[in-house]
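J.: Put together the whole structure using the sequences plus the hints.
Now for the letters of each chain:
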Amino acid sequence: MLIINDIIKKLPYTNPFLFVDRINMVSANALEGCYTFKQDEFFYKGHFKEQPVTPGVILTECCAQIGLVCLGIHLLNLEELNTGDLQVALSSSEMQFLLPVFPQETVTVKSSKLFFRFNKLKCEVKMYNQRAQLVCKGVLSGMIKNNNI
Amino acid sequence: MVDDQHFAQLKDIVKLYLPEDVSVGAIVEDSNFVKELNINSANLVDIVLDVEDAFGIRLENEDMDKMQTVRDALNIIAQKLQDKN
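Protein sequences, first through last, are from chains A and B. Under numbering that gives the first Met the number 0, the first residue of the first sequence carries the number 0, and numbering increases by one thereafter. Under numbering that gives the first Met the number 0, the first residue of the second sequence carries the number 0, and numbering increases by one thereafter.
Because the hints were derived from the structure by calculation, they are not lab data. C-beta: ideal position from N, C-alpha, C; glycine also. Heads up, none of these hints are tricks.
Beyond 12 Å from chain A on every Cβ pair, some chain B residues (computed):
#	residue
1	F6
2	K10
3	V23
4	G24
Coverage of chain B stretches by chain A, computed from C-beta distances (three or more under 8 Å per stretch; other residues unrestricted):
#	segment
5	35-41
6	44-54
T.: Okay, structure coming up:
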């Protein structure tokens, strides 16, 4: 529980661009977390006109925040005692989108590490809806490090 | 002293990660990966991982820190291959 709280606390995002509610499981190789899309998320006003659907870029962002950044924070925590500011950057994404996600749906992201070396984390991510259907999947990579090193 | 074969192998790896505005001809021994070849830190990691596979060696964090130019990379490769034998 302490480990999970520590990850959430270190996330460098805030409303309206924080897409992590909860972490269900974390290990050195995998992480699982959830997010519920609120009725009034800012992007629903324009995507689409009077027909709100979660944009693919936001699903990708949700996968990246849970799958890459949360797992990356944990991996950095395992490596060292860190106190510095976190620096993150997405470096590549290759996603496939299979089903739409509507307002008030809760999604679960499962991420498994392909490698973490020299501060680059590459993961395979899968997002499921409440009916356990695969919503999107792909491979994401990014750089994550503490500023003090 | 630079091993021509190692240089050719390294060049084949590096060219995969060059941005569109940098030509393969720009890869010379003195080239700085980040400042001259415009390779970002994420792609520099990809280059290191490809180098490890191609030469059957393993680089550590301090090697990564030292790897500024193509020549640095070739020196590290030569050193690692020597240590292996």
